[in-house]
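For the record, in the sequence shown the residue sitting at position 28 is 28 according to full-length UniProt numbering, with numbers rising by one throughout.
Calculated from the structure, these hints are not laboratory results. Since this is a predicted model, take the numbers as computed values, not measurements. Every residue gets a Cβ at the ideal spot worked out from N, C-alpha and C, and that includes glycine. Treat each hint with caution, since some may be false.
[What the hints assert, rightly or not] Pairwise CB distance ranges, derived in the manner of DEER restraints:
| no. | residue 1 | residue 2 | range |
| --- | --- | --- | --- |
| 1 | Arg66 | Ala147 | 19 to 25 angstroms |
| 2 | Lys98 | Cys294 | 23 to 29 angstroms |
| 3 | Val73 | Asp169 | 45 to 51 angstroms |
| 4 | Ser111 | Asp291 | 34 to 40 angstroms |
| 5 | Glu143 | Arg81 | 36 to 42 angstroms |
[Claimed, not checked] In silico DSS-like cross-links for lysine-lysine, where the CA-CA straight-line distance does not exceed 27 angstroms:
| no. | residue 1 | residue 2 |
| --- | --- | --- |
| 6 | Lys144 | Lys283 |
| 7 | Lys78 | Lys144 |
| 8 | Lys144 | Lys86 |
| 9 | Lys118 | Lys283 |
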Amino acid sequence: MQPSADGPPADSALVASLERLGLVELGARDGSPACLAFATTFWQTSPESFIPTLNPHQYLVAKPLRYTLSNGVIRHPKRPRPPPAKAPFYTRHCVSDKINSVFKLRPVDMSDLDLIHKWMNNPRVAEFWGEQGPVEHQQQFLEKCLASQHSFTAIGSWNDLDSSGGLTDWRDACFFDIYWVKEDHLARYANNVQDWDRGVHLLVGEDWARGRSRAWLDSIIHCKFAPRSPQRPLQLTRAADIFLADPRTQSIFLEPRLDNALLIGLLLRYGFYKVKDFAFPHKQAALMKLDRDCWKGCSAN
Numbered sequence: 001m002q003p004s005a006d007g008p009p010a011d012s013a014l015v016a017s018l019e020r021l022g023l024v025e026l027g028a029r030d031g032s033p034a035c036l037a038f039a040t041t042f043w044q045t046s047p048e049s050f051i052p053t054l055n056p057h058q059y060l061v062a063k064p065l066r067y068t069l070s071n072g073v074i075r076h077p078k079r080p081r082p083p084p085a086k087a088p089f090y091t092r093h094c095v096s097d098k099i100n101s102v103f104k105l106r107p108v109d110m111s112d113l114d115l116i117h118k119w120m121n122n123p124r125v126a127e128f129w130g131e132q133g134p135v136e137h138q139q140q141f142l143e144k145c146l147a148s149q150h151s152f153t154a155i156g157s158w159n160d161l162d163s164s165g166g167l168t169d170w171r172d173a174c175f176f177d178i179y180w181v182k183e184d185h186l187a188r189y190a191n192n193v194q195d196w197d198r199g200v201h202l203l204v205g206e207d208w209a210r211g212r213s214r215a216w217l218d219s220i221i222h223c224k225f226a227p228r229s230p231q232r233p234l235q236l237t238r239a240a241d242i243f244l245a246d247p248r249t250q251s252i253f254l255e256p257r258l259d260n261a262l263l264i265g266l267l268l269r270y271g272f273y274k275v276k277d278f279a280f281p282h283k284q285a286a287l288m289k290l291d292r293d294c295w296k297g298c299s300a301n
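The whole structure should be built from the sequences, with the hints applied where relevant.
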């Protein structure tokens with residue numbers, strides 16, 4: 001569709017519809033075209049708004065606000081339910097000179113206990129998580145995660161494509177704990193936390209998956225706010241779904257241990273910035289933050 005210098009394209013009804021959907025902006029100024037589409041806006045637009053059958057679990061519009069209290073003192077919006085058990089809620093085809101693979105996220109359940117036990121007893125993971133020990137310890141850890149009212153946990157898995165483009169086998173690789181910051185203990189250390197800000201704890205359990213960190217970071221930020229339907233397993237989505245599911249979400253937080261230079265460096269390269277160093281009761285941490293208005297859209301894989 002060719003824009004004109006002094007007015008909208010010929011198909012004005014279509015352009016008006018695109019404008020209402022938030023996909024384009026109209027009105028020539030400073031000699032720019034009359035109809036503009038911005039990459040950052042495009043990547044923050046959820047396709048479920050246009051094709052509801054892509055994900056029957058996705059809320060198509062934000063529900064009216066209802067507030068509740070956590071611990072009797074923390075006032076925050078009533079949270080939507082986490083994704084249904086067993087059902088993958090996000091998939092992404094990741095292609096680069098290093099990988100040609102599909103990444104998916106699914107909720108954790110108690111059947112993942114042996115997997116979590118193995119990962120938490122990996123010395124590399126145990127150094128930063130401190131959850132190593134007998135399987136009974138991980139069982140208590142997992143039960144606590146599943147009982148949480150302000151977070152949910154997910155497993156990230158990879159499925160490499162063969163030379164013909166077909167999928168091979170799913171391999172579990174990563175663990176994520178995705179939470180609402182407002183009612184998390186992090187809110188006491190982060191200034192100006194908004195009602196819809198989110199955070200994540202993460203680990204890569206499999207050594208073979210460590211070289212894919214940019215792809216899964218891109219995906220977990222992308223997926224937290226726009227769950228993907230298992231009916232479209234090769235959906236080519238990218239970068240921060242966190243910013244898709246709810247336009248009220250303005251920031252994403254991570255709080256890695258201060259000496260976790262590898263993760264902190266990855267976050268800085270992605271666009272996070274360090275707010276400050278601070279002391280949790282159990283660790284010295286770096287408060288890392290990504291703001292919506294600083295996010296540049298999807299990166300290359």
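Evaluated hints:
no.: 1; hint: Arg66 - Ala147: 19 to 25 angstroms; verdict: 22 angstroms, holds
no.: 2; hint: Lys98 - Cys294: 23 to 29 angstroms; verdict: 27 angstroms, holds
no.: 3; hint: Val73 - Asp169: 45 to 51 angstroms; verdict: 48 angstroms, holds
no.: 4; hint: Ser111 - Asp291: 34 to 40 angstroms; verdict: 37 angstroms, holds
no.: 5; hint: Glu143 - Arg81: 36 to 42 angstroms; verdict: 19 angstroms, violated
no.: 6; hint: Lys144 - Lys283; verdict: 20 angstroms, holds
no.: 7; hint: Lys78 - Lys144; verdict: 20 angstroms, holds
no.: 8; hint: Lys144 - Lys86; verdict: 18 angstroms, holds
no.: 9; hint: Lys118 - Lys283; verdict: 23 angstroms, holds
In this structure, only the earlier hint numbered 5 is contradicted, and the remaining ones agree with it.
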